[in-house]
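Chain residues, written in single-letter form:
There are 2 protein chains.
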Amino acid sequence: MDQMTIHILGCGSATPSLRHLPACQVVEYRGRLMMVDCGEGAQLSMRRAGLQMHRLTDIFISHLHGDHCLGLPGLLSTLSLQQTGGTLTVHTFPDGCRMFRQMVDFFAPRLSYDLRFNEISPKGGETLLDTPALTVTTFPLRHRVPCVGFRFDEKPKERHLRGDAANFHGIPPYLRRAIKQGADFTKPDGTVIPNELLTLPPDPSLSYAYCSDTLYFPALADAVRDVTLLYHEATYADDNLSKAAERFHSTASQAAMIARAASAGTLLLGHFSKAYNNENRHLAEARAIFPSTLLANEGLSLSVR
Amino acid sequence: MDQMTIHILGCGSATPSLRHLPACQVVEYRGRLMMVDCGEGAQLSMRRAGLQMHRLTDIFISHLHGDHCLGLPGLLSTLSLQQTGGTLTVHTFPDGCRMFRQMVDFFAPRLSYDLRFNEISPKGGETLLDTPALTVTTFPLRHRVPCVGFRFDEKPKERHLRGDAANFHGIPPYLRRAIKQGADFTKPDGTVIPNELLTLPPDPSLSYAYCSDTLYFPALADAVRDVTLLYHEATYADDNLSKAAERFHSTASQAAMIARAASAGTLLLGHFSKAYNNENRHLAEARAIFPSTLLANEGLSLSVR
Numbered sequence: 001m002d003q004m005t006i007h008i009l010g011c012g013s014a015t016p017s018l019r020h021l022p023a024c025q026v027v028e029y030r031g032r033l034m035m036v037d038c039g040e041g042a043q044l045s046m047r048r049a050g051l052q053m054h055r056l057t058d059i060f061i062s063h064l065h066g067d068h069c070l071g072l073p074g075l076l077s078t079l080s081l082q083q084t085g086g087t088l089t090v091h092t093f094p095d096g097c098r099m100f101r102q103m104v105d106f107f108a109p110r111l112s113y114d115l116r117f118n119e120i121s122p123k124g125g126e127t128l129l130d131t132p133a134l135t136v137t138t139f140p141l142r143h144r145v146p147c148v149g150f151r152f153d154e155k156p157k158e159r160h161l162r163g164d165a166a167n168f169h170g171i172p173p174y175l176r177r178a179i180k181q182g183a184d185f186t187k188p189d190g191t192v193i194p195n196e197l198l199t200l201p202p203d204p205s206l207s208y209a210y211c212s213d214t215l216y217f218p219a220l221a222d223a224v225r226d227v228t229l230l231y232h233e234a235t236y237a238d239d240n241l242s243k244a245a246e247r248f249h250s251t252a253s254q255a256a257m258i259a260r261a262a263s264a265g266t267l268l269l270g271h272f273s274k275a276y277n278n279e280n281r282h283l284a285e286a287r288a289i290f291p292s293t294l295l296a297n298e299g300l301s302l303s304v305r
Numbered sequence: 001m002d003q004m005t006i007h008i009l010g011c012g013s014a015t016p017s018l019r020h021l022p023a024c025q026v027v028e029y030r031g032r033l034m035m036v037d038c039g040e041g042a043q044l045s046m047r048r049a050g051l052q053m054h055r056l057t058d059i060f061i062s063h064l065h066g067d068h069c070l071g072l073p074g075l076l077s078t079l080s081l082q083q084t085g086g087t088l089t090v091h092t093f094p095d096g097c098r099m100f101r102q103m104v105d106f107f108a109p110r111l112s113y114d115l116r117f118n119e120i121s122p123k124g125g126e127t128l129l130d131t132p133a134l135t136v137t138t139f140p141l142r143h144r145v146p147c148v149g150f151r152f153d154e155k156p157k158e159r160h161l162r163g164d165a166a167n168f169h170g171i172p173p174y175l176r177r178a179i180k181q182g183a184d185f186t187k188p189d190g191t192v193i194p195n196e197l198l199t200l201p202p203d204p205s206l207s208y209a210y211c212s213d214t215l216y217f218p219a220l221a222d223a224v225r226d227v228t229l230l231y232h233e234a235t236y237a238d239d240n241l242s243k244a245a246e247r248f249h250s251t252a253s254q255a256a257m258i259a260r261a262a263s264a265g266t267l268l269l270g271h272f273s274k275a276y277n278n279e280n281r282h283l284a285e286a287r288a289i290f291p292s293t294l295l296a297n298e299g300l301s302l303s304v305r
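Line order of the protein sequences matches chains A and B.
In terms of my numbering, the first sequence is residues 1 to 305.
In terms of my numbering, the second sequence is residues 1 to 305.
I should point out that these hints are in silico values taken from the structure, not numbers from a laboratory.
Hints should not be assumed to be uniformly reliable.
[What the hints assert, rightly or not] Okay, the calculated bits of chain B under chain A, using three or more residues with CB under 8 Å as the criterion: (1) 70-77; (2) 128-137.
[What the hints assert, rightly or not] Computed list of chain A residues with no C-beta within reach of chain B, every gap over 10 Å: (3) Pro22; (4) Gln82; (5) Asp95; (6) Phe107; (7) Asp130; (8) Arg142; (9) Gly190; (10) Val192; (11) Pro201; (12) Asp226; (13) Asn277; (14) Leu300.
All values derive from a computational prediction rather than experimental measurement.
Glycine included, every Cβ here is placed at the ideal spot set by N, Cα and C.
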């Protein structure tokens with residue numbers, strides 16, 4: 001199983017169309033499911049993608065526009081019909097916590113699971129999740145309403161112990177963990193074997209950043225620096241450059257400029273306006289700037305690697 | 001064009017499945033679109049069915065369970081992006097008016113149309129719409145929460161003036177309207193020609209009744225007496241007779257008993273539980289009691305005749 005997979009459930013913009021659903025995706029990490037934005041229809045899209053709702057642990061909402069969060073009341077109500085137990089945390093701005101809590105209280109007064117609301121700040125810089133293997137942090141975006149992006153970072157992994165060297169130097173099993181974490185090995189005779197002779201570098205830590213809706217601003221590259229996969233909105237192509245700025249959205253080229261400046265591994269474009277019949281133009285314009293670009297689409301599951 | 005058409009956009013029950021969407025339908029009457037219940041995804045289903053949202057004049061909500069109304073915030077917000085103008089009235093219980101007004105105020109603070117909320121009573125017996133050609137009235141259902149059904153009735157139509165008789169008796173044009181409405185004709189010499197010699201009976205008035213979620217209770221037949229088309233929930237088949245009663249739902253047989261007792265023209269079954277892989281059993285059990293029974297399905301457009 002891949003360690004980190006992004007499931008695209010919706011990658012359209014404000015007005016739903018027959019081609020794209022409103023914003024919603026699921027980050028699957030070692031069997032844990034975390035939803036990022038929750039547009040109308042999210043519960044049905046999960047079912048369609050074969051993702052079990054009761055495995056959701058967190059829902060991160062980037063901002064309180066309807067196309068990014070109106071799937072919440074239905075999803076949270078239906079989950080309650082499933083008698084799931086467990087805990088689910090919705091991370092959103094205080095207004096959203098208040099409003100969706102009220103909706104859930106009305107539509108699902110007897111919840112079968114522990115629903116928590118975590119009030120987040122539009123300023124970014126918060127750590128929303130910190131497990132032994134992964135952190136989820138926020139960074140500010142620039143949209144018409146307060147808006148944050150989310151960054152998923154695997155923590156540094158252990159180095160690989162070289163079996164031949166471990167045997168040659170007679171490393172006892174109880175010391176192996178420490179050596180994988182970087183310690184040198186001191187032999188009974190006092191000789192110190194440096195770590196680099198005993199281990200190989202760790203697997204790279206994977207990272208994913210999600211930029212839902214934002215005006216282009218170059219400093220965004222700092223927030224998403226070196227991510228393995230960058231999802232960036234590309235509501236428009238360059239034919240609507242001025243409209244993008246007016247509406248605090250980006251073009252595909254601008255998303256590519258951010259990816260290039262951030263030294264991202266791969267760029268995934270989404271949040272497409274319904275004004276386009278396809279996204280060939282977005283793709284071509286972005287690839288001219290950042291070749292490793294892909295288009296999001298409903299049903300796409302992409303391994304982060 | 002048919003005068004009255006029912007478009008089924010969703011005919012599943014509480015938990016959405018891959019087979020059925022939550023409750024939603026559109027009654028089209030002489031170009032006017034009226035929505036009945038508005039489950040999550042309603043706006044997308046309208047688009048899929050080729051029904052233009054800006055033609056909606058009324059949305060009738062039978063009760064405040066999520067699967068009957070959680071499509072409202074998205075639909076009302078999207079409508080605002082379309083710069084439609086016009087007036088749309090949402091008819092629902094006071095709690096729903098309050099809650100959805102608040103959602104719309106938050107998600108679409110600058111509406112481009114006149115959105116009205118009409119507080120209805122769970123007791124039924126109200127006239128929600130009264131146009132020159134049509135009335136929409138409510139009647140009480142028995143569910144776990146307050147719930148009403150809706151009845152659409154065409155007003156009596158004009159009689160057909162017989163052209164041959166009109167010519168023979170020399171009826172002047174300015175009297176024709178009165179005669180179509182039932183008046184006799186008095187000739188210049190004082191002879192009275194009775195209306196029945198001058199006209200043929202009017203076309204029958206069409207009617208449609210919608211019973212969203214209800215326990216079986218025989219008195220319901222009085223409320224839906226003589227309707228041309230009866231939509232009645234059939235969440236379960238007879239294999240779940242006791243579960244139906246526990247949950248204040250009906251079986252297909254019970255729906256058929258109501259249709260028979262009411263002398264309905266045709267029965268349309270819906271609100272199917274996701275526990276069934278198909279509704280063959282519902283159909284067979286209902287037809288054994290009321291032969292003129294059909295199954296609802298997403299995408300079905302049915303003329304009332």
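Notebook entry, point to check: Does Gly190 (chain A) sit more than 10 Å from chain B, CB to CB?
Noted result: holds (68 Å)
Notebook entry, point to check: Does Gln82 (chain A) really sit off the interface, with its C-beta more than 10 Å from all C-beta atoms of chain B?
Noted result: Answer for Gln82 (chain A): violated, closest chain B Cβ roughly 8 Å.
Item checked: Check on Arg142 (chain A) being off the interface with chain B, judged by Cβ distance over 10 Å -> holds (20 Å)
Notebook entry, point to check: Taking the minimum C-beta separation from Pro22 (chain A) to chain B, is that value above 10 Å?
Noted result: At roughly 8 Å from the nearest Cβ of chain B, Pro22 (chain A) sits no farther out than 10 Å, so the non-interface label is violated.
Margin query: Checking a non-interface call: every C-beta of chain B should be farther than 10 Å from the C-beta of Val192 (chain A). Is that right?
Written below: Given a closest Cβ separation of 62 Å, the condition holds.
Notebook entry, point to check: So is Asp130 (chain A) really clear of chain B, every C-beta pair being over 10 Å apart?
Noted result: The claim holds: Asp130 (chain A) sits with its nearest Cβ about 31 Å from chain B, beyond 10 Å.
Margin query: For the segment 128-137 of chain B, count the residues whose Cβ lies under 8 Å from any Cβ of chain A; is that count three or more?
Written below: violated (count 0)
Next item on the list: Classify the label on Phe107 (chain A) as holds or violated, using whether its beta-carbon is more than 10 Å from each beta-carbon of chain B.
Entry: violated (4 Å)
Next item on the list: Test the statement that Asp226 (chain A) is away from the interface with chain B: the closest C-beta pair must be farther apart than 10 Å.
Entry: holds (36 Å)
Margin query: Minimum C-beta separation from Leu300 (chain A) to chain B exceeding 10 Å: can you confirm that?
Written below: holds (19 Å)
Item checked: Distance rule for Asp95 (chain A), whose beta carbon must clear each one in chain B by more than 10 Å -> violated (7 Å)
Check: At a Cβ distance under 8 Å, does chain A reach at least three residues of the segment 70-77 of chain B?
Finding: Result for this restraint: holds, n = 5.
In summary, the numbered hints that this structure violates are 2, 3, 4, 5 and 6.
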